[in-house]
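Peer 1: Let's have the full structure, built from the sequences with the hints guiding it.
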Amino acid sequence: MKIKKELWILTLIGVLVGFFIVRLLDAQHPQLGISSMLSPQSLDQYLEGRSLVKIEQYIKDAKILEEERDTLLEEIRALEEIIDQYEKEAAERIHRGEQIREELQKSRMVANMIDVEGPGIEIILDDRKRDSILDSDPDMLGYYIVHDSDLLEVVNELRAAGAEAIAINGVRIIGTSRISCGGPTINVGKEQRFTPPFIIHAVGDPEALFSYFQREDSIYQTLMFWGLRFEIKKKDLIQIPRFIGDVEYKYAKPIEEGE
Amino acid sequence: MKKPSAGQFAITLVSLILGLMLAAQFKNVQKVGGNVSRQRTQELIEHINKLEQDNEILKNQIEEYEDIISSYENASKDETLINELIKTKSIAGLLPMEGPGVVITVDNLYINTWDGEQQTVQNVYYDDLLRLINELNAAGAEAVAINNERVISTTEIRNAGDYIVINTNRHSVPFEIKAIGNPENLEAALKLLGGVVENISQILDIKIRTESKITVPGYEGTINFKFAQPIQEKKS
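Taken in order, these protein sequences are the chains called A and B. Okay, so the first sequence: first residue is 1 according to my numbering, each after it adds one. Okay, so the second sequence: first residue is 1001 according to my numbering, each after it adds one.
In short, the hints are calculated from the structure, not lab data. C-beta atoms are modelled at their ideal positions from N, C-alpha and C, and glycine is treated no differently. Any given hint might turn out to be false.
What the hints assert, rightly or not - Here are the simulated DSBU-like cross-link-like pairs (lysine-lysine), alpha carbons at most 30 Å apart as the crow flies:
#, chain 1, residue 1, chain 2, residue 2
1, B, Lys1213, A, Lys88
2, A, Lys5, A, Lys106
3, B, Lys1191, A, Lys250
4, A, Lys106, B, Lys1087
5, A, Lys250, B, Lys1226
6, A, Lys233, A, Lys129
7, A, Lys253, B, Lys1207
8, A, Lys106, B, Lys1059
9, A, Lys233, A, Lys88
10, B, Lys1077, A, Lys250
11, A, Lys250, A, Lys106
12, B, Lys1087, B, Lys1213
13, A, Lys88, B, Lys1087
14, A, Lys54, B, Lys1059
15, B, Lys1059, B, Lys1087
16, A, Lys106, B, Lys1226
17, B, Lys1213, A, Lys253
18, B, Lys1059, A, Lys60
19, A, Lys253, A, Lys129
20, B, Lys1226, B, Lys1087
21, A, Lys253, B, Lys1191
Unchecked claim - To give an idea of the interface, some chain A residues facing chain B are shown, with a C-beta separation under 8 Å as derived from the structure:
#, residue
22, Tyr58
23, Arg69
24, Asp70
25, Ile82
26, Arg108
27, Val116
28, Asp131
29, Pro138
30, Gly142
31, Ile174
32, Val203
33, Glu207
34, Pro254
What the hints assert, rightly or not - Listed next, with one range per pair, are the computed distances between beta-carbon atoms:
#, chain 1, residue 1, chain 2, residue 2, range
35, B, Ala1160, A, Asp137, 30 to 38 Å
36, A, Asp137, B, Lys1213, 51 to 59 Å
37, B, Ser1201, A, Thr195, 39 to 47 Å
38, A, Glu89, B, Glu1064, 18 to 26 Å
Peer 2: In structure tokens:
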């Protein structure tokens, strides 16, 4: 009886130790994929396990980069405050200095260099959901998906409706933004590639923005006809980040007026 | 004989439970793996690339700000402020710019009917101009104007009756698009086989020429922000 009891404890410890060894190895060396390697399954599934491990690594990398971006943004805000202070000082000394400072602030708004907020709309644009109609005629597939030209039309209509700031999936749209096709992805801005759904934010008069898409010649009517997802929601508060990108003038030089 | 059989029993049990655990764990792996993981991996890679780019740009921005600050500290405060204004205004598209680039003219295409009269094939539609501008932007244009309307972030191009409205002003044919940038790149992008110009030239009269010096005017309209406000940072 005594021996049996000891064996029970031993068994329990054995199980726990075994379990923890696997967990520990897995946590410390995820690239080895110990847990999936130990299983008696096929090589195929082992590789699937590996890709999951890869995803975990990517998520970690992304998190580190996001943290880095946040610190950089904080640093930028701190520097902007210092610059703001200097601008105030300079403005006090110059003739019409306060006017110059105001003009500078407004130019920054126009130049998309400032995070803005205000009322507006949110649009969600997505391919048609798989259904019997979509499956019945593969040749028509092109009509059921979001194209770069559709996004371009939506942005153009938002501008016509008086939008003051626009972003697609968080990327601020400026005058020289391009929207082009990259195969299954759509390129917005210089190098940013997105897959549907597209979330478009615009700050402006929510009523005016909303009703522009009710016009008969709106891209909204066309895309709804083909059964794409095109949701428009009026919002009291939309936040749109500043444009993050190089605005470099290699060829264009400003002509200064009235020397 | 009793002792070893108890030990064997225990070991059997250990391996059994271990096996079960591994199987359970593997089931989790299987659920998330496969096709979904490939798409997810792709998305994550795109996300990481974007973040890396953003951070690079933000670092440049910080350097630029540090330059401005040192200029305020060491050089003339007044001059620094004026320089900042000029730079910001040119990014905003409020200043006229000059440089090399391309000039595109878009007009109606006329054909002679059998009784000798001229007829247009098709009117210029806002879409044609929109696509041309987008193509120029993709090819790295730095400043663009249509009929001297500077294209900025709020510029719309829409049909209104017989006119095309740009920056809330009405325009009609012929249209002249001026774009400053690398002339060869801009021209090549436009003339791409199967590209925008090839499509449009079937129905419209379109001409492209490169120039070593063109002038693009600044945005002339008034801009009032009625709805968009700068986000105020919470001071803690």
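Peer 1: Identify whether the interface hint at Gly142/A stands, where standing means a beta carbon of chain B within less than 8 Å of its own.
Peer 2: Status violated, d = 16 Å.
Peer 1: Within 30 Å, alpha carbon to alpha carbon, are Lys106/A and Lys1087/B?
Peer 2: holds (13 Å)
Peer 1: Can you confirm whether the C-alpha distance between Lys88/A and Lys1087/B stays at or below 30 Å?
Peer 2: holds (18 Å)
Peer 1: Hint validation: Asp131/A versus chain B, beta carbon distance must be below 8 Å. Holds or violated?
Peer 2: The hint is violated - Asp131/A has no Cβ within 8 Å of chain B, the shortest such distance being about 20 Å.
Peer 1: Please verify that hint: Ile174/A, Cβ, nearest Cβ of chain B, below 8 Å or not.
Peer 2: Ile174/A check passes; min Cβ-Cβ to chain B is 4 Å, inside 8 Å.
Peer 1: Are Lys1087/B and Lys1213/B close enough, with their CA atoms no more than 30 Å apart?
Peer 2: Holds - the C-alpha atoms of Lys1213/B and Lys1087/B are around 21 Å apart, at most 30 Å.
Peer 1: Within a Cα-Cα threshold of 30 Å, do Lys1059/B and Lys60/A meet the stated pairing?
Peer 2: holds (21 Å)
Peer 1: Mind checking the alpha carbons of Lys1059/B and Lys1087/B for me, to see if they're no more than 30 Å apart?
Peer 2: Holds, at roughly 19 Å.
Peer 1: Take the C-alpha atoms of Lys106/A and Lys1059/B, compute the straight-line distance between them, and say whether it is at most 30 Å.
Peer 2: Holds - the C-alpha atoms of Lys1059/B and Lys106/A are around 24 Å apart, at most 30 Å.
Peer 1: Keeping to a limit of 30 Å between CA atoms, is the pair of Lys233/A and Lys88/A held or broken?
Peer 2: Given that 30 Å is the threshold and the Cα spacing comes to 40 Å, the pair is violated.
Peer 1: For the pair supplied as a hint, Lys1213/B and Lys253/A, is the alpha-carbon distance within the 30 Å limit?
Peer 2: Since the Cα atoms of Lys1213/B and Lys253/A sit roughly 11 Å apart, the hinted pair holds (cutoff 30 Å).
Peer 1: What's the verdict on Lys54/A and Lys1059/B, does the C-alpha distance respect the 30 Å limit or exceed it?
Peer 2: Measuring from Cα to Cα gives roughly 28 Å; hence the hint holds.
Comparing the model with each numbered hint stated earlier shows that hints 1, 2, 5, 9, 19, 24, 28, 29, 30, 33 and 37 do not hold.
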